[in-house]
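Colleague: Sequence:
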Amino acid sequence: MKALIQTAGILALSTLAATTQAKVVIFDDNLGGAAKAGSVETAVGAYTNLQGDVWGPVLTFSDFTVTGGFSHSVNLAGRNFNKNNQITMGSLPYQDLKPQHGGLGSLSLASGGANSDTDNLQPNLITGAVGDEILFFDFGTSVVLDTVWFNGSHTEHTAFTNNGRNDAGDALFTLFYSADGVAYQATGPQTSPMNQEYLLTGITSAYTHWAVAATGWNSAPGGYVEAIRYATVPEPATLALLGLGLAGLGLRSRK
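Positions -22 to -1, 1 to 233 (mature numbering (1 follows the signal peptide of the UniProt record, and there is no 0)) are the ones given, in order, by the sequence shown.
What the hints contain is simulated information worked out from the structure, not anything from laboratory work.
Check the hints yourself; a few may be wrong.
Listed next, with one range per pair, are the computed distances between beta-carbon atoms [said to hold, decoys possible]: (1) Ser197 x Gln29: 26 to 36 Å; (2) Gly90 x Gly147: 14 to 24 Å; (3) Val22 x Asp124: 21 to 31 Å; (4) His135 x Ser17: 39 to 49 Å; (5) Asn196 x Ala15: 34 to 44 Å.
Dumping the calculated SDA-like pairs for lysine to any residue here, alpha-carbon to alpha-carbon at most 25 Å [stated by the list, open to error]: (6) Lys76 x Ala15; (7) Lys61 x Ala15; (8) Lys61 x Arg143; (9) Lys61 x Asp97; (10) Lys14 x His132; (11) Lys1 x Ala164; (12) Lys1 x Thr169.
C-beta atoms are modelled at their ideal positions from N, C-alpha and C, and glycine is treated no differently.
The task is simple: from the sequences and hints, build the whole structure.
Modeller: Below, the structure is given as C-alpha cells:
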C-alpha cells in the first residue's frame, strides 16, 4: 500500500508540475538571430496584409488577448497608474511578422510629441514625456509572467548608447501587473532590456492582467515585444482536491 501511495503522490506532483510549466509565446517569425525555444503564434485580428501582419482593436492568442492604448496625462516610466483615468484606449495592437525582428507593437492616434507613431511600441507621442504606448495582456486565468523579450525597430537588439546613463538614445520599457485590470503596479523603474534583449518582472505571484509600456526619454526609440514567458498557476480548488485525494489515500493505507 505504501508503494501505491508513493506512486499516487508522484503522479499528483507530476500533474501539478505540468500545470505550472512555463510557456514561451513568440510574436515574430523566430527566424532571425538566435531562435528561441517556444511557440510562434499568429494572432487572430481584424486586419491582415500580404506579409502576414495582423492588427486590430483586439489581438487574440491561445491563452490571452492583447489591447493597446497610450498615456494621456502621465509619464508611465516606472509609475503606477489607473487604466480608466490615465490611459486612452483604442490603439490597434499590431503583430509585425515581416521583415524579421518584429513582434508586437501598436498603432495609435496620438500626435504632437517627441516621437511620431509607427507600428512598434513607442514613448512620448503627445509631449516629450507623455503619450507612452502600452500593450495590455489579459489572460483567461492567473499566470506568473516572468520574462518579456524585445526587438528593436526590426533589429535583434534594442537601442542602447552604453554611456553609463539613460538618455534619448536608449530604448526603455516598464512592465506592469494588475489584479483587477484597472489599477496597475509597475514591477520596477523604466529599464533598458538586459543585453538589449529581455526584462525580468521579478514577480512571483500570479495575476490575470499584465502590461508592457515603452517609456524612454524624449525622442528615445521604442521596439517590439518579441516574446513572453509565463506559467499557469493551479486554481485553489484544484490544489484542495489534490490534497484531499492524497489525504484519503493516506487514511486508507492505515486501515
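Colleague: Now look at each hint and say whether the structure bears it out.
Modeller: Outcome of the hint check:
no.	hint	result
1	Ser197 x Gln29: 26 to 36 Å	holds (27 Å)
2	Gly90 x Gly147: 14 to 24 Å	holds (22 Å)
3	Val22 x Asp124: 21 to 31 Å	holds (25 Å)
4	His135 x Ser17: 39 to 49 Å	violated (23 Å)
5	Asn196 x Ala15: 34 to 44 Å	holds (37 Å)
6	Lys76 x Ala15	holds (20 Å)
7	Lys61 x Ala15	violated (33 Å)
8	Lys61 x Arg143	violated (30 Å)
9	Lys61 x Asp97	holds (22 Å)
10	Lys14 x His132	holds (16 Å)
11	Lys1 x Ala164	holds (23 Å)
12	Lys1 x Thr169	holds (24 Å)
Against the hints set out earlier in the document, violations occur for numbers 4, 7 and 8.
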